[in-house]
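Chains as they are written, first to last, in the numbering used here: chain A, 1 to 153; chain B, 1 to 553.
No lab work stands behind these hints, which were simulated from the structure alone.
Among the hints, a few may not be true.
Claimed, not checked - Simulated coverage check for chain A against chain B, where a stretch passes if three residues somewhere in it have a Cβ under 8 Å from a Cβ of chain B:
1) 48–55
2) 118–129
Stated by the list, open to error - Some chain B residues near chain A, calculated using beta-carbon distances under 8 Å:
3) Leu11
4) Glu14
5) Glu18
6) Gln151
7) Thr154
8) Thr277
9) Asp285
Positions of the beta carbon are idealized from the N, C-alpha and C atoms, including for glycine.
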Amino acid sequence: MPLVKDGKITGDGFVHVADDAEISGDGAILISAARFLQDPEALSRRSGRTGVIWPNNRDVDDLVPYLDRLAVVALVFPTYRGELRATGQVLRDQFLFMLRAGFDAFEVKKPADAEAFANTVRRYSVFYQPTGDGRMTALHRRMMLRHSESANP
Amino acid sequence: MYAYDELDRTLINERVEEFRDQVKRRLSGELTEDEFKMLRLQNGVYLQLHAYMFRVAIPYGTLSSKQLRRLAHVARRYDRGYGHFTTRQNIQFNWIKLAELPDALADLAEVGIHAMQTSGNNTRNVTSDQWAGVAPGEIEDPRIWSELLRQYTTLHPEFSFLPRKFKFAITASAHDRAAIKIHDIGLRLHKNAEGETGFEVLVGGGLGRTPFIAKTIKSYVHGRDLLSYVEAILRVYNQYGRRDNIYKARIKILVHELGIEKFAQEVEEEWQQMRATDTALTLDDTMVEDIRSRFSYPAYEKLPHMPEELKKAAHDPHFEAWRKNSVALHKVQGYAIVTLSLKPVGGPPGDATADQMDALADLADKYSFGEIRVGHEQNLALPHVARRDLPELWKALDKIGLATPNVNLISDIIACPGLDYCSLANARSIPIAQELTRRFANHDTANLIGRLHINISGCINACGHHHVGHIGILGVEKNGEEFYQITIGGRADENAELGNLIGPAVRYGDVADVVEDIVEAYLALRERPDELFVDTVKRLGVEPFRERVYATR
Chain A
1 MPLVKDGKIT
11 GDGFVHVADD
21 AEISGDGAIL
31 ISAARFLQDP
41 EALSRRSGRT
51 GVIWPNNRDV
61 DDLVPYLDRL
71 AVVALVFPTY
81 RGELRATGQV
91 LRDQFLFMLR
101 AGFDAFEVKK
111 PADAEAFANT
121 VRRYSVFYQP
131 TGDGRMTALH
141 RRMMLRHSES
151 ANP
Chain B
1 MYAYDELDRT
11 LINERVEEFR
21 DQVKRRLSGE
31 LTEDEFKMLR
41 LQNGVYLQLH
51 AYMFRVAIPY
61 GTLSSKQLRR
71 LAHVARRYDR
81 GYGHFTTRQN
91 IQFNWIKLAE
101 LPDALADLAE
111 VGIHAMQTSG
121 NNTRNVTSDQ
131 WAGVAPGEIE
141 DPRIWSELLR
151 QYTTLHPEFS
161 FLPRKFKFAI
171 TASAHDRAAI
181 KIHDIGLRLH
191 KNAEGETGFE
201 VLVGGGLGRT
211 PFIAKTIKSY
221 VHGRDLLSYV
231 EAILRVYNQY
241 GRRDNIYKAR
251 IKILVHELGI
261 EKFAQEVEEE
271 WQQMRATDTA
281 LTLDDTMVED
291 IRSRFSYPAY
301 EKLPHMPEEL
311 KKAAHDPHFE
321 AWRKNSVALH
331 KVQGYAIVTL
341 SLKPVGGPPG
351 DATADQMDAL
361 ADLADKYSFG
371 EIRVGHEQNL
381 ALPHVARRDL
391 PELWKALDKI
401 GLATPNVNLI
411 SDIIACPGLD
421 YCSLANARSI
431 PIAQELTRRF
441 ANHDTANLIG
451 RLHINISGCI
461 NACGHHHVGH
471 IGILGVEKNG
481 EEFYQITIGG
491 RADENAELGN
501 LIGPAVRYGD
511 VADVVEDIVE
521 AYLALRERPD
531 ELFVDTVKRL
541 GVEPFRERVY
551 ATR
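Using the sequences and the accompanying hints, generate a full structural model.
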């Protein structure tokens, strides 16, 4: 599946490894939370990059001790009754919210949608909240504009 | 008035284009109705019984005449020539076509009006006192902070998918006209010993199936910390609020189940942790001043409190009847705040026609520095009227049907759209309200009764705020028939309380008789003419009213 990352379409370098499959020491892998928690110490110290697929109803505290050593945390959006999240899809309309809330990358279901997702990132140019994604807030931009106006009367 | 700058306008326009794309994808079938539902709800679009309903935000209840004319245009061009003002400083259009919605939004965006987050599980329109900035004794204009909150909550990535809807209200007056105690977060502006602006923060108020009056979580939060403290509350709620059960998903349930002390402790921990690592949400004075500087205030003249025009008009009993309950003191001498009743005898509460809106916009230009306010009681107000102009204004308002002299009286009823429009309703609200306005159409009787608020909801979701009506009427359904539960003693102000049930539900045809019985009991029981209905209920409890109503039923 293609990945939209940092506003660009890229390939997914991580291999999904089933719970009963062998795990080698090297290579970038994505494994389930259950598999990971069977032996978190060893799995988080593999020489290859390790990612964990984390269901969003599982307590993140269980993962916190290993976060420094993990390459990817893939949050799963499961089925809720009737709501959009129910289908497990990420709509492009939610994409920017998620990027701003700390996500870096997404699996896009239909390859044809990847372009639309990439475009969605540029939909907004004004942001009201500081979220740690580096986008400057409107309040701060106003302060800068004021400052430059008063510097160049 | 708050003037949107280039940044605010850009964001609104970008939102319109996003919604246009979403509607296009829905109409082409690319989005299913289920997928589209969440997106349209983020933008105030509901699917009602007969058509899509479109809810437009009027942040903190302030409108310019230009904006009101544009609302009239939308009512005329895209709807059936009227709009409905709600209890949360919104206006609803009931007959809009999906394909035309993006154009309606674009028309509104030109005058700085939007529909962002007027529905859906997110932070809703921030409401405030409709007399903000003009009420005597107000500490400072709460709309500056309302606007800061509006911006902070608009398209917030972390809080656009909350367990359930989330509503803020803010007041800066001792008398609470914004009903902050029935909001998810209520803010009461006050100053600390050093004279610095801050807020008492209340949390967990709300009506609906499980009503609660909000509790104080912190008695003083400094203005500079308002956003970070609010974010800490939202984070705790977002983490622990229940997503598995829609009836238990509001923050009021979480606060109730954890207890206010435990909830406050969770918030405090989150807040301290946030503040230790990140100060991005701290407001510095220049940011607050920048927002403040974009609120403009009229150039008031020096005018007498009792001009000749007013003395002369005082001989006209019709004028006096209107003046006594529609005209309030203004913080500037010689000016008045004029409330315009949207509750004509026999009319649906809160409705205004496009022609009325246009005419009122003209009157606002002529008499109120082009400004109009919208209150949660579903009435409008002109906030800056020179007292000498009151007689002339009254005549002009009367001509357009906006001078019904019943503000705060028994026929000034709050009601939800009910079964006539709403797919959630169990029973009709509007015809009950219409019948009651006819029963109490006699102004002398209404005046004798004095201040009495009747609130009507057509279902347990309580959009008509029945729990906090002095008399509350809730429509329920029993075996396919409409029944109504009656409560008394509720109030939504600084002494907010939930009403108490007086007895078994009554039939549709009996509601107006029951209300008459309650009122007659009150008139017989009150100690003095100025003891308000709610105070009599407080003093005597429900029992004497119950006896009166059910003795013969």
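Quick rundown of the hints versus the structure:
no. : hint    : result
1   : 48–55   : violated (count 0)
2   : 118–129 : holds (count 7)
3   : Leu11   : holds, 4 Å
4   : Glu14   : holds, 5 Å
5   : Glu18   : holds, 6 Å
6   : Gln151  : holds, 4 Å
7   : Thr154  : holds, 5 Å
8   : Thr277  : violated, 10 Å
9   : Asp285  : violated, 11 Å
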